[in-house]
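Peer 1: Protein chains in written order, with numbering that gives the first Met the number 0: chain A, 0 to 415; chain B, 0 to 181; chain C, 0 to 92; chain D, 0 to 984.
These aren't lab readings, by the way, just hints derived from the structure by calculation. Computed from a predicted model, the values in this text were never measured in an experiment. Careful: at least some of the hints might be erroneous.
Unchecked claim - Interface residues of chain A toward chain D, partial, derived using beta-carbon atoms under 8 angstroms:
(1) Tyr65
(2) Gly124
(3) Val310
(4) Pro410
What the hints assert, rightly or not - Just the calculated beta-carbon pair ranges, DEER-fashion:
(5) D/Leu984 - B/Gly178: 33 to 41 angstroms
(6) C/Gly49 - A/Gly223: 20 to 28 angstroms
(7) C/Asp45 - B/Leu5: 55 to 63 angstroms
(8) C/Asp45 - A/Ala11: 48 to 56 angstroms
(9) D/Glu964 - A/Pro25: 35 to 43 angstroms
(10) D/Leu142 - A/Ala406: 38 to 46 angstroms
Said to hold, decoys possible - Restricting the straight-line Cα-Cα distance to at most 20 angstroms, the calculated cross-link-like pairs of lysine to aspartate or glutamate (EDC-like) are:
(11) A/Lys9 - D/Asp113
(12) C/Lys48 - A/Glu204
(13) A/Lys154 - A/Asp269
(14) A/Lys174 - A/Asp246
(15) A/Lys265 - D/Glu136
Note that the Cβ used here is the ideal one computed from N, Cα and C, for glycine as well.
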Amino acid sequence: MRYSAYSIFKEALSGNRMWKPAWREPQPKPHYDVIIVGGGGHGLATAYYLAKEFGITNVAVLEKGYLGSGNVGRNTTIIRSNYLLEGNNPFYEFSLKLWEGLERDFNYNAMVSQRGMLNLFHSDGQRDAYARRGNGMRIHGIDAELLDREQVRRKAPYLNFDHARFPIMGALYQKRAGTVRHDAVAWGYGRGADARGVDLIQHCEVTGIRRENGLVTGVETTKGFIGCNKLALAAAGNTTTVGRMADLELPIESHVLQAFVSEGLKPVVDHVITYGAGHFYISQSDKGGLVFGAEIDFYSSYAQRGNLATVEHTMEEGVSLIPGLSRAKVLRSWGGVMDMSMDGSPIIDRTPIDNLYLNCGWCYGGFKATPASGFCFAHLIAKNETHHVTRFMRLDRFERGYTIDEAGRGPQPNLH
Amino acid sequence: MSINLLHRHVLDDHISGFETDTNPNHLSIIRRPVIFSVLAHESRETAVAEALWNAEDVAPRFCSPSEWLAVSRTVGAGMVADMLSGIAGASFVDQSDGRVLVEISGPSVRAILAKCVAIDLHPEVFEEGHSAAMLCCHAEANVARTGADRFEIIVPRSLAGSVFEELMEMGREHALTRGFVD
Amino acid sequence: MASLITCPHCGTRPKEEFSIRGAAAPKRPSPTAKDEAWHVYVYVRDNPKGRYQEYWHHVAGCRRFLVVERDNLTHEVFGVTDAAEFERAGADE
Amino acid sequence: MTSYRLGSGGAINRGQSLGFTFDGRSYKGFDGDTLASALLANDQMLMARSFKYHRPRGVVTAGSAEPNALMTIGSGARAEPNARATVVELYNGLAAASQNRWPSLKHDFGAVNDLFSPFFGAGFYYKTFMWPGVLWEKLYEPLIRRAAGLGKVTMLADPDRYEKSWAHCDLLVIGAGPTGLMAALAAGRAGARVILADEGFRFGGSLLSESAAVDGRPAAEFAADIVAELASLPNITLMPRTTVFGWYDDMVFGAVERVQKHVASPSPDLPMERLWRIVAKQAILATGAEERPLVFGGNDKPGVMTAGAARTYLNRYGVAVGGKVAVFTNGGSGYRTAADLLAQGVDVTAIIDARPQSADPVPESVRVIRSGSVIATRGRHRIEGLIVERSGFEEVIGCDAMAMSGGWSPIVHLMCQRGAKPVWSDEKQAFLAPDVGGAFAAAGSAAGELSLGACLKDGSAKAHAALDALGRLVGTLETPEVEGEYDPSFAPLWYVPGARDKAFVDFQNDVHVGDLGLAQREGFRHIEHTKRYTTAGMATDQGKLGNVNTAGIVAGMRGVSPAEIGTTTFRPFYTPVSFGALAGTARAEHAAPVRTSPLHGWARKNGATFVESGLWYRSAWFPREGEKTWRESVDREVLNVRAHAGLCDVSTLGKIEIFGSGAAEFLDRIYSNSFLKLPVGRARYGLMLREDGIVFDDGTVSRLSENRYVMTTTTAFAAEVLAHLEFSAQTFWPELDVRFVSSTDQWAQMSLAGPKARIIMSRVVQDDISDAAFPFLAAREVMLRDGLKARLFRISFSGELAYELAVPAGYGEAVADAIMNAGREDGICAYGVEALNVLRVEKGHVTLSELDGRTTADDVGLGRMMAMQKPDFIGKRLSTRFGLTAADRLQLVGLKPIEADKEIKAGAHLLKEGAKPSTANDQGFVSSACFSPTLGHFIALGMLKSGRERIGERVMVWDGLRGSEVLAQVCPPVFVDPENSKLHL
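Isolated chain A, as found in the complex:
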């Protein structure tokens, strides 16, 4: 069923009784060409592009909860391609380009809103680092501007310009960055994949990976054994758990990142803003909630909830950056489990097992990567060949000494 203004009009006149389910609820088939473990953003996007771009439709996505129950439904919805390193930049720009045409592509309004992102800087050193980053973006054809303090003030006059402990000196600005309605991304990809024949199987947990002669033959699940020719893991924070079923040794540690939303407020924050003197970032949703977050909680965790000290720290940074927030109220906090990699960058690669493919290490930047991650992972699975924008995102880069260390913090995952 195609969605359009007309369809809404027509259905409304018949009492909205004729809308069809967004996806089927199929029973698993005994065998698929490709099984994707993880029905989050990346898994669903992978299925969608496998079907749409590579013609592989005999695909199942296995999700232990409901579709989009992982980080795609609990992030702060930011999209951007303002990365520093060659290993990341082309990939995230590819992703941003896919975002730009996504909604018409999958016929679902995910409210892609390129409202611009301001990465504030507060010292000469930070300015130089952002200049290096901005030039790295520009040299790749990505939009970037370096704004001075007054230019920032014109865009966001409510920031703390007059009584700041760490005064704002300027910002790196990416106009094409912005936000997307996160759930809609999962739903749009899921609906698009389903329409192309992909089986989305919810409440189906993978409990084992069956191998014969060094190859994967299928997965044990809570709904029984399901066979496959190729197995693709897109399990984010649970990557290690699933990977262990195939004896993968991974450079991943799971951490919890909290996110927050305020009560609904009339629009005040037009951009996505990051605080350079801390980790705070904020945007405002189309519904009026301020959506924001800051640091991870720093300890290993699979619990989707965080701790009060981190909550307080986030608010301290928030009020320091935007004094006017003081009397606004935060409504809800939640936590997501992040697959922190040892260099802060993702892995999209083959594994030592020939028909097992790996997509992980998204740290807390996975949402913006969803389209490109899905596309490139599908490319890898379909053609058995790395897509050129992911050529640095290799699993063996740690052994070879080719880490992609955006933050320059070395092999301590909670510092990325």
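Dock chains B, C and D against chain A, hints included.
Peer 2: Positioned in the frame of chain A, the structure of chains B, C and D alone reads:
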């Protein structure tokens, strides 16, 4: 040889105007305490601790199983150093200029400090004579209970201004006053 | 856990006093160990769901490294040991 | 007159009248009123507009679950949006304003949305606004955004103070209703340290709204007596106006106390709000139960509220919510409400009972319609009547208010915040608190006990269980006598069929039963999907009233038990908490502590401009009269240092004292270069790596005696280096005898640099510091002429003859003054970190701009510092990996503009001359750049692919970001005195 240089206390910059009368809740800044870091080497921890607790004119403050602060308000650094050099297995360094010592006392002192430190200050939990390293007003501090309603706080010099301002701010609703003690 | 850690030297303290270094299980290999052992030590993490040993540095307290053994799903703490003691116990095994 | 103030009664102080305004109109209320009760007393039922359809709304509750009556309180910088009028304590001069309406609450243009609601069903926006693409951001989204939100946030700086505090107790009791009071009393009498917190401003909870008697007294009086006893016990802390909003690990509870929200003129000595982190050994959840609204057509009309709310307004505030009240119920609460209203002389037009029969006592003269269904309501800005359907017949019943009761849902929110899900009880027809272990227990109606007597008893019982766990159990269980109690039981009724108008489940977000049905049809069947698709439960009340009904209705649609549907996840915050309270004092200039150098005063006296550097303030440059730009000052300082001498504050460098017989070995393993043979009295530059072979930090180590060293670190990494040393010593090599302690704060350290440095220093230091007696890299204790012991190091960052002098911090200013005096005739100046930076770039020294966490020692030309012959040092093994030794790595080079007047800026990238800008052609970047006053042109350090073999090559310094391209020559990174002749003067 005597020193002919002017010694400045970092909080001199933070106290301006007239000294007011002392209220029941009061914060005293000790102007020139002697404070040494004392470190015990491997397997000498107990012996060093014992020696510190038996030393005259010096109040030991617990930092870790192998580290203490030796504090004195009565004798000079030279005498403390002499005493410390007599303890086998101990290394030490003068930190008198690197730490600031304040004492806070009064009927509301626990309510004030509850806004500054996380530990339970109930007298059955943090008893008189106890000391420990902890965060106090966002700074790494050593806090000791020196009386029922009296605590001693030692903080790094560079952060002392911030800590002092925050202590005074937290004491505002209890009319906390402050002043130097020479 | 997460909110309070009972330091064996300082007593119960809030998370803010600690800095978390990461997994305590990996042991630094000998200088002559194979490349693979060094790679695994620096980069590979067991990352189990459940019981976990992690280094917490009591930076605002005794400045000792502690090994906190806890459940990373429920956040229940089973024990906190001084790291030197932990290493010694490990070496004895 | 519809709603009005009764002539007597209620827990209000009629002697104290309070004036307030709503939407600019003046009203009067009493001390003890909430804003909502005062508005109702003034017959102002219309209080708000809903979010999506802008439907007119009044109050539904008398408490913190209120979804409708949200207002902005106060004005200017004190304006608080989205305050719930039902919990806002009235004060004199309170100014409230309605939200989300234009031009006025009564005539709201946005109400047109309601007419088009068939097109605005759940998730409609996902299905449209996609064509053409450009219009989403240009047209549709701006329109949607304009409609977004409810209240306006001021965006002005908050004039008030906020604080945070810790509290510790044996037992935390959350909620001071009948259950909580009894629990606190039992524990208090047993001598336990108890904290009793309640979100309201008056303790007593439902006892304040209760018409029954307890222990022979009116319930409110009974409550007051207990509160008085609790207040007299020293081991009890009473915390009114305090909402426990979150339960975190290890029995830490987050709470917010509204210290002065109810005060007309806040005191500057008190905070506006105070955040509490309460550490409890045991806790009791005594939060009560929420009355469920009934879901029927037109159930959102102003005047329709829960029966309990109507009772609270009546009994606690002395306000009749209407002159003619209709009751719609499926349990005893409706009957009790009718009786209470009648007792106060309010007309009850009918009790519509959804059940065919019940044992509830029917008040005299009230008509009961059994098996009745309300299918629609009449009226616009206030209910004027309702349509009842029974056995196919319809009847209109007049009323100006309506009390509804759909049963009770225990308030289990806090207990479900740490992963445990509430448990459905068929018997109680409610979701009950999960078992979360012994330390935290639900009691009273929060535990599903609905009757007052059971709550009083359960409060005592749960306190006794907690005392037992604490080892403090004394005394016997007390159970007060209740007289005139009603039966609060009810029959389940999730949805009243036959609705003629929308039947809302989520009032604020305008989610109605039709939306829930649509979500099921479209496959959004998991309750989380239903929530996210319809937005049910996502409003500011987080579904406190609606979520259980949603689960029940979805269960009904799917033909399963609510147990199978479950609830969505409960998360902090129980009710919204202000950013201000959570931020506390950490804001504005106090966002982070300030670290000041012992030479701060000296620098200030010399006119320094300061710059933040981590928590420190460092002197950046020292402008003199006539200097218009910072560059003028910095150029002068640099030239002055190179020609004469300058004094710079370097106290912020980390300083670590190292002791022990194993120290030499330890340092040898920590640094990549060798330290075993460092002689006593000498300093050495050292490079520390991370275990992955990348440079971590650099600094110097000086050997003061055989087993005694002092290390310096960079300012930025001082804390991390100390932690790194501690980690290595404690976990890798506990057998080495080595101890450390930071002495960063003990020393005022200053660098005296320039050709005149020795002459000047010798006027201050007694010791012989001639080149022979105190050569380059000498380091030892010296005596100043003023009698002070100090440490002197002959080390240089600037490339000049230089000394670093460390003196006890308290003497820093005096010694710096003495040096300035001693150097006056030789032209000394003060210089700051900007000049220091220029000096080091000229000399080719690297800083964190080059050591950015991705560079190896070899990358920055320090390959010689990798003592690979050592058996082990941190970072050795992984430093030889292919990628870290590849020939095409970025290497440190110098860059000089071909045209001498061109500027090079840090952050520019490097391209081969003539190459097009592209990622493939990217050859590196400029890490540091400055104008060199010594050379008279810009110079830069850069990281260039295979840079060292490209000396002499020309590269394009490409700065597309700032629109400049400058051709530069690659040169060695040392621009000044490459022979180091100045160091050895």
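Peer 1: Among all the numbered hints in the text so far, which are the ones the structure does not match?
Peer 2: 5, 9, 14
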